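**Student:** Sequences listed follow chains G and V, in order.
Offset between the first sequence (1-based) and our numbering: plus 2.
Offset between the second sequence (1-based) and our numbering: plus 32.
Hints are not guaranteed to be accurate.
[What the hints assert, rightly or not] The list that follows gives simulated cross-link-like pairs (lysine-lysine, DSS-like), each with its CA atoms no further than 30 Å apart:
1) K245(V) with K201(V)
2) K132(G) with K252(V)
3) K176(V) with K43(V)
4) K157(V) with K94(V)
5) K90(G) with K144(G)
6) K93(G) with K231(V)
7) K76(G) with K157(V)
8) K128(G) with K227(V)
9) K94(V) with K94(G)
10) K157(V) with K38(V)
11) K132(G) with K241(V)
12) K258(V) with K76(G)
13) K258(V) with K245(V)
14) K38(V) with K92(G)
15) K258(V) with K93(G)
16) K76(G) with K245(V)
17) K140(V) with K258(V)
Simulated from the structure, these hints should not be mistaken for laboratory data.
Note that the structure is predicted; figures quoted are calculated from it, not measured.
Here's the letter readout for the chains.
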Amino acid sequence: MSEKPRKRSTFDTMNEHLEEFDELADELMESAFPEGPSWNTETCCLQALSNVFITSREVIVTADLPNIEPETVKVEAVDETLIEITAKMKKKVRFADLGICHRQGEFSSLRCQDRVHVAVDAEKMKISFKGGVLEVRFPRKKRYEIEVE
Amino acid sequence: MSESVKIVEKKHVPSEATMIVGLPDVGLVGLIATSYLISELNLEEIAYLDSDLLPPVVVLHKGLPHAPLRIYGNQNLIAVISELAVPAPAIYPIMREIVEWGQAKKVKRIVSMGGIPVESRQAIKEPQVFGAASNQELLDMLSKSGLNIMNEGYMVGPQALSMRYSINKNVPAIAILAQSFYNYPDPQAAAIALKELSKISDVKVDVSKLLEKGEEIRLKARDIMKRTQEEMTRMKKSQEYDLPLYV
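Let the hints inform the model, and build the full structure from the sequences given.
**Tutor:** Laid out in C-alpha cells, this is it:
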C-alpha cells in the first residue's frame, strides 16, 4: 500500500521561508563585506583564528597563536568593545614555506581583531597562554542588578 | 547510488579494506589524522568525488589539478579526505555515496575520525579519545581494546551520517573522536586519535612527525578551519554540547 503524502503544515512553509531568508542574508553580508585573505603582505601579518565568549560577568577572548614568541604577545583595547591581539613569530614565514610559489611575501607576526559587543574593563584583564592558545579574560563594565520585589 | 554525487575510480580499488573517513570537522582532527596517514603510508590516489553540489574548485598540487574530495588507498586501506570545507547541504549525498561505494567495495569497516569539542581544551594536556560503533559486537571490541565509549550524546556532521547510513546498509562502522578545540586546528588531538586507531586496527603509524609539525600545520590550516567553522554553524554542530533526553 502506498503511503499517503503528508500534508504540509504552516510550520513547514514558515521554515522554508526562514531558510530562504537566511540564505539571502548570508549573500547580502558576503556582498556587503567581501572576505579578504587571511594574510597581509603590507603589514607582514597572518590573521590568527580567534573566538569570543560572552558570559554574564566577563568576556573571554581566545586566539590560536602557533609559532610565536610568548613574550611578544600584545593585547590592546582599541576602544571599549574592540580588542586587538598581536604576537611576533619565532621565525618569519614566507609563502614558499607554505608551499605557495605564485605569491611573494613574508610574515613576521600573527594578528586578530575581535569586536566583543559589550563594554569591557581592559585594565583588569587577565592573560594566560597555554599550548599556543592565548586566553584573555575581561570583566564586563556596567553590570546592573534588578531587585526582585 | 546518489545522482548528485559520483565517485570516479582512477585505479584498482581493493576489497575487504578498512575505510578511514577524515572530512573537515571539529578541530580538523579527522582531516589532519587521515592526511598524515596518507602521507606516511604513501597511499595512492585511487578515486575522487565529483558533484555539482560542491563549489567550482580544483586544488593544484605540483602544478596538476586535483578534485578536493579524494580517495587514497593501498591493498588494505582506503582513506577519504577533503581539502575543501564540505558545504552543509552536500554532506548528506556525499556521505551516502561514500557509504554505498564502500559497501559495493565490500569494505571491512568504515572508521570515521573526528573531534569532540571541549570548552577548556587548552587546559587539557592529553586529550581523551572516545569511540562509538554501529553494533554491539564492535562496541565490545572497542571497549576490550581500552577505548573509552561515548555512552550518551549527540553526534553531528560527517561522523553522524557515516554511522546512520552504515547502519542502513549493514556496513560495520566505528567513530574515533578525540577531545579537541572546536574551531582551532588540533594536530595533537589528531595524533592521539591515530594512536587509538592503531589499538583497534592494523593501521599503525609513528605520530612523532605529526607532533613535530604541529605548529606548521596550525598555521597552514587556518583558512580551511575558518571555512569549516562556517559550515559547522550551518549544520548546527553546537548540538554536540547538548544533553540528550532518553528516559
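**Student:** Would you mind marking each hint as holding or not holding in the structure?
**Tutor:** Hint-by-hint comparison with the structure:
no. : hint                 : verdict
1   : K245(V) with K201(V) : violated, 38 Å
2   : K132(G) with K252(V) : holds, 20 Å
3   : K176(V) with K43(V)  : violated, 36 Å
4   : K157(V) with K94(V)  : violated, 37 Å
5   : K90(G) with K144(G)  : violated, 34 Å
6   : K93(G) with K231(V)  : violated, 37 Å
7   : K76(G) with K157(V)  : holds, 25 Å
8   : K128(G) with K227(V) : violated, 36 Å
9   : K94(V) with K94(G)   : holds, 24 Å
10  : K157(V) with K38(V)  : violated, 41 Å
11  : K132(G) with K241(V) : holds, 21 Å
12  : K258(V) with K76(G)  : holds, 23 Å
13  : K258(V) with K245(V) : holds, 20 Å
14  : K38(V) with K92(G)   : violated, 45 Å
15  : K258(V) with K93(G)  : holds, 24 Å
16  : K76(G) with K245(V)  : holds, 25 Å
17  : K140(V) with K258(V) : violated, 34 Å
Against the hints set out earlier in the document, violations occur for numbers 1, 3, 4, 5, 6, 8, 10, 14, 17.
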